[in-house]
Amino acid sequence: MSDVTYENGGGAPPGEDWRRRYWKKNVRLLVVLLAIWATVSLGFGVLLVEPLNNIVILGFPLGLWFAQQGAIYTFVLLILVYALWMDRIDKEFGVDERPAAEGGDSR
Amino acid sequence: MSSMQFWTFLFLVLSFGLYIYIAWRSRVKETKEFYVASQGVPTVANGMAVAADWMSAASFIGMAGMITFMGSDGAVYLMGWTGGFVLLALLLAPYLRKWGKFTVPEFVGDRYSDSVRVIAAISAIVVSFTYVVGQMTGGGVVFARFLGLSAEWAVVVAAAVIFFYAVLGGMKGITYTQVAQYIVLIIAYAIPAVAVSQQIGGFPIPQVTYGTILSELDALRTEFGLHEFTEAFAGRDGGQLDVFLVTASLMLGTAGLPHVIIRFYTTKTVRGARFSAFWALFFISLLYLTAPAVGAFTNLNLLRGAQGSTADELPSWIDPWADAGYVTLNAEDGLIDTVSNDAASGADLIVSNDILVLASPEIGGLPAPIIGLMAAGGMAAALSTAAGLLLVISSAASHDIYYRMISKEQATEKTQMLVGRLAMTGAVIVAIFAGLNPPAFVAQVVAFAFGLAASTFFPILILGIFWKKANAKGAAAGMLTGLVFSAGYMIYTLEIFGTGANDHILGISPEGIGAIGALVNFTVTIIVSNLTRPPSHEVQEMVESIRYPSQQTTKV
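Residue numbers (the working numbering), protein chains in the order written: chain A, 1 to 107; chain B, 108 to 663.
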């Protein structure tokens with residue numbers, strides 16, 4: 001899905017190479033975060049739940065804990081990491097939103 | 108009037124009064140306020156509003172009850188309904204906010220074509236509608252039990268309250284009442300959970316203590332003919348494959364539900380949309396992490412109460428629920444040997460999923476005010492979600508179909524507001540009728556809405572943002588095949604519209620079909636788009652533009 005080429009004409013004029021780099025960074029971050037997302041939920045919580053259940057911590061079989069608790073903690077963290085990381089990428093490329101910059105920012 | 112009825116009545120009146128007051132304070136005059144609250148909602152407030160919008164009667168009333176009986180596999184709802192938020196936050200919310208208009212059909216209409224807009228508007232109405240019915244039924248449970256009123260009354264009163272603030276305040280009124288509703292519902296959910304955790308586990312954090320009772324619970328469940336709580340894949344007939352697909356369907360459906368997506372149009376900035384998603388899931392997780400603990404504790408209390416007792420000796424909380432028709436006793440004289448939630452099981456004691464959360468304070472022997480608070484919380488959950496859904500239905504009808512298609516964007520601001528309010532009125536009236544004749548039980552009805560959202564909206568929204576070559580023909584074909592495929596399987600396996608129920612293919616339940624429907628939609632959209640002409644230059648530019656939060660201010 002990271003298919004961002006400009007062969008259809010007009011996508012990125014010369015000197016707008018930053019767009020491709022920005023988008024690439026964005027997509028790479030998404031892929032990493034979604035891989036973790038799938039691993040803790042569909043991986044640990046569903047596919048591997050039975051082997052993980054053999055490990056018991058504080059009364060919780062580990063597979064059950066991931067399915068009912070761990071996956072959700074991870075989800076919350078993933079979105080926070082995403083929002084913070086995107087802030088950094090936005091700043092790096094100068095596309096972050098500043099309240100004062102509204103409207104009057106011709107390059 | 109018993110003291111429980113008094114407290115319930117008091118809390119309901121207080122909370123309804125609060126909602127109406129807020130609605131009056133935030134009444135609106137313009138369409139931008141009506142549809143997206145002028146895009147001026149602060150991040151944390153929006154997070155709370157999304158959380159209340161999102162957590163329906165099914166989450167509040169039904170979910171812990173289902174976990175009580177399904178045990179480990181109840182996690183499909185926990186992971187499905189929260190995991191979808193990650194998809195929403197990462198793949199949809201920021202981009203749709205950047206594009207920044209009013210509705211979901213509007214995005215696909217601008218991105219693809221007018222015919223896709225119409226299909227999307229109709230799907231939005233159908234999906235939201237299935238979901239509203241669940242809220243109405245949920246409200247009915249609260250009224251029937253705590254006030255001794257019939258479920259019909261519940262539907263009418265709930266609809267009247269929603270009508271008042273939704274028609275008056277549109278998105279703005281709905282957003283600020285939802286903030287209040289979130290606070291009411293989370294307090295109502297947390298207090299009994301903490302109290303029961305302290306009582307049984309000796310420590311007030313239910314997420315930690317419910318681990319310590321699992322082995323006792325497993326033993327008790329075996330005694331009463333239930334599968335062990337901790338045993339995976341025993342709660343669903345379809346086994347691992349079905350659990351996998353249901354989880355995936357609920358995740359994709361969550362990300363494709365129009366009433367949640369539009370909430371991210373209301374933030375001030377793209378950055379605001381990202382952080383709103385974080386706050387939303389944070390607030391949601393407070394309830395979702397508590398739900399399995401509530402399920403386990405309630406189950407333990409229920410079985411301890413039934414252990415070694417005859418029908419006459421059961422705890423007193425059972426009687427009023429039995430009178431309201433949610434608990435059935437089959438053991439006329441002998442001991443209670445079997446417990447189930449399935450009316451067809453013929454077990455000695457049959458308890459409906461829908462009552463377990465509402466009854467948990469009583470089952471745990473907590474005082475009357477807490478029980479009343481629980482009722483107010485249940486109503487808050489039902490009202491907040493219903494209002495959000497009604498807004499989607501009315502905006503699809505008035506903005507996408509009337510304003511964009513019928514009036515060709517010529518209608519004046521005043522006419523638009525009138526049509527918006529009329530559409531909202533119409534939606535409320537239809538919801539009342541549907542609520543009076545509800546199909547199946549609360550959570551199940553809602554689960555179908557997810558399957559349909561997953562197989563229609565999710566794929567074309569994702570492709571619309573991440574793949575420039577996705578075109579109108581592809582999207583239309585993909586949505587229609589996805590819809591026909593999933594709805595077809597649901598009709599095939601369920602007794603609706605008077606058709607007989609057929610066996611599940613490969614054990615896949617109708618709730619899990621949405622994941623496959625989404626795959627079908629993705630495939631069809633990609634194939635058809637590749638075979639037909641790519642979208643116009645302007646559309647590709649639009650896709651390009653939504654990928655960056657703002658114009659570049661400094662050269663890199």
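Source of the hints: derived by calculation from the structure; they are not laboratory data.
On a predicted model such as this, the values are computed, not experimentally measured, just so you know.
Cβ atoms here follow ideal geometry from the backbone N, Cα and C, with glycine treated the same way.
Be aware that one or more of the hints could be misleading.
To be verified - One side of the interface only, derived from the structure: several residues of chain B facing chain A at Cβ under 8 Å:
hint : residue
1    : Gly190
2    : Phe192
3    : Lys208
4    : Phe209
5    : Ser257
6    : Arg343
7    : Gly346
8    : Val537
9    : Val646
10   : Met649
11   : Ser652
12   : Ile653
* Asked: So which of the earlier hints does this model not fit?
  -> Hints 3, 4, 5, 6, 7, 8, 9, 10, 11, 12 not satisfied by this model.
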